[in-house]
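Asks: Residues per chain are reported as follows:
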Amino acid sequence: MKNFEIIIGIENHVELKTKTKMFSSAPVSYGETPNTNVNETDMAYPGSLPTINKKGIELAIRACSALKMEIDTLVKFDRKNYFYPDLTKGYQITQQYNPIGKNGKLIINVNGVEKEVDIERLHMEEDTAKQIHKDDLTFIDYNRAGTGLVEIVTRPVLRSADEACAYVEKLREVLLFLKVSDVKMNEGSLRTDVNISIRPFGTEEFSNKVEVKNLNSISNIKRAIEFEVERQTKMMLNNQPIIQETRRFDDSTNSTVSMRSKSDALDYKYFREPNIMPIQLDENWVDECIKNSPELADIKRVKYTNEYKLSSNDANIILTSIEMTEFFEEAIKHTNNYTKVANILISDIQAQLNNENTSIDKMALSPVYLAEMINLVDQSVISSKHTKTILPIIMKDSSKSVMTIVEELNIKMISDENEITNLVNPIIESNIELLEQYNERPERVTKTIMGQLMKVTGGNVNPEAGMNIIVKLVESKLN
Amino acid sequence: MKDKKYYEDLAQDSMLKFSDAEIDEIVAKQEDLKKEFEKVLKIDTTNIKPLFYPYDDIHLYLREDEETTTIDQKIILSNAPTSEGDFVTIKKVVK
Chain A
1 MKNFEIIIGI ENHVELKTKT KMFSSAPVSY GETPNTNVNE TDMAYPGSLP
51 TINKKGIELA IRACSALKME IDTLVKFDRK NYFYPDLTKG YQITQQYNPI
101 GKNGKLIINV NGVEKEVDIE RLHMEEDTAK QIHKDDLTFI DYNRAGTGLV
151 EIVTRPVLRS ADEACAYVEK LREVLLFLKV SDVKMNEGSL RTDVNISIRP
201 FGTEEFSNKV EVKNLNSISN IKRAIEFEVE RQTKMMLNNQ PIIQETRRFD
251 DSTNSTVSMR SKSDALDYKY FREPNIMPIQ LDENWVDECI KNSPELADIK
301 RVKYTNEYKL SSNDANIILT SIEMTEFFEE AIKHTNNYTK VANILISDIQ
351 AQLNNENTSI DKMALSPVYL AEMINLVDQS VISSKHTKTI LPIIMKDSSK
401 SVMTIVEELN IKMISDENEI TNLVNPIIES NIELLEQYNE RPERVTKTIM
451 GQLMKVTGGN VNPEAGMNII VKLVESKLN
Chain B
1 MKDKKYYEDL AQDSMLKFSD AEIDEIVAKQ EDLKKEFEKV LKIDTTNIKP
51 LFYPYDDIHL YLREDEETTT IDQKIILSNA PTSEGDFVTI KKVVK
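From first to last, the protein sequence lines are chains A and B. Counting along the first sequence from 1, when you hit position 183 you're at 183 in UniProt numbering, and nothing is skipped either side. Counting along the second sequence from 1, when you hit position 59 you're at 59 in UniProt numbering, and nothing is skipped either side.
Heads up, a few of these hints could be off.
As the list claims (entries may be wrong) - To spell it out: a stretch of chain A is covered by chain B in this simulated footprint if at least three of its residues, at any positions, have a beta carbon under 8 Å from a beta carbon of chain B; those stretches are:
#1 8-22
#2 37-43
#3 140-150
#4 155-164
Think of the hints as simulated: they come from the structure by calculation, not from any bench. Even glycine gets a Cβ: it sits at the ideal position worked out from N, Cα and C.
The shape of chain A in the complex, shown without the other chains (with noise of 0.2 Å):
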């Protein structure tokens, strides 16, 4: 195989974080009821005519401005023609000839190693109805015909499995912390499609490529492209043509599948959508949209690490999720302590997450009263153990402070002198041969005082305090 160089290209279908579709109000939805959001535009109904949404054009141009694209401002779109009912209208709309974005870039790392990957172009489209193939009848959802999609086209610069998935990766983190896309691609709608060809060392020529549809993982991706590098090498070895063609993957035999070859291909016959006028965009709310753009997770990462001197590691784990992101930044207004911020979402409230298979921002947590259980540590008034009690009740019920809390439950820790005094004088009292261990070991004696006073008090006093006024009890008790 290492005789093969490895050509791979990316497109990536991402829909929009729109209320309503491209091209009609109708609303945009994800598991609703089968055909309940959808209008005459996306029914095709004679006389129904589309119109363009504001924030779809927006969301593109964030997409285009965080690609460094270049962005055409006069947006024009195309028809798309072909006969399947999953588009009523019989075609699609999209922008064959003049994508909103062209000629961008990401950078990706790769085993410790950085990349640039050149995105030929970035175009707006909508999204097909949803079909169920069962027995011999075909089930058609309408609710998501209409979505609007961007399509993001790489050009053929990618070589290997982990650069495709390195590239999916990040563009799916720049989506997610955009606010373009939910980027799931579990529910489709991130779905990325692959193109693969290979060709020897030193050769000029490439092979037939094929294009692996419909991927709906990172591992899918990883795994679909090791198969197809694999057959196409043997067949390069046994002299066979590689057919140019479509192929999905199946992976419960972790194999390709051939759908079409090129000979089945389909002409779309693009020409203009007669519908839709060009629409100049005002240059100063294109400015405007790329200003407003939410921070990116690299920028973020750089805050986090040098800012709040969290360790990478952690900044890397809460960056992972826009929610925990967003929580994280929420609740580091009401305190300081970053870094307890972040060791308690990692741990104690990611484990319960996984428990709970949820996500955070389903939760009750609230991120002041997480702050504030911080807080409370960092002055004193509740000693850190006591996180373990309250953190369960707040992530489950949000109608109390915790200091509410800390008062119903009576483990507000005793920092007030006289009370100390008087909790420690009868323990030393009844503890007066220990006294004369004193001045070989201090430690021992203030120890043995401490852990008694913590067991009268239920572990309810200030350490630091409650030591302090040992060691001065018993030096006037010995003086």
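Based on the hints, put chain B in the right spot on chain A.
Replies: Relative to chain A, chain B alone:
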């Protein structure tokens, strides 16, 4: 002159199937059509840019992503040739 193969390919793109006799009829009709179009080809279009719309204009309007409109599922399903439960149904066309 477009041959039989051209129309077979066109039929495939349109997901239609024609018999040999029907294809022959289409091929025969094309000569008449071609004569009509030859008149159009005589128009001098030198230095004329393609026009995609009835009038050449640029719009500024974009729809806000706020108001939503839907139509009742019952209407959607009753307009479909066949339906089952919440779905529009068609004869399965994939293998």
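Asks: Please write out, lowest number first, the hints stated earlier that are contradicted by the structure.
Replies: When the structure is compared with the hints, only number 4 turns out to be violated.
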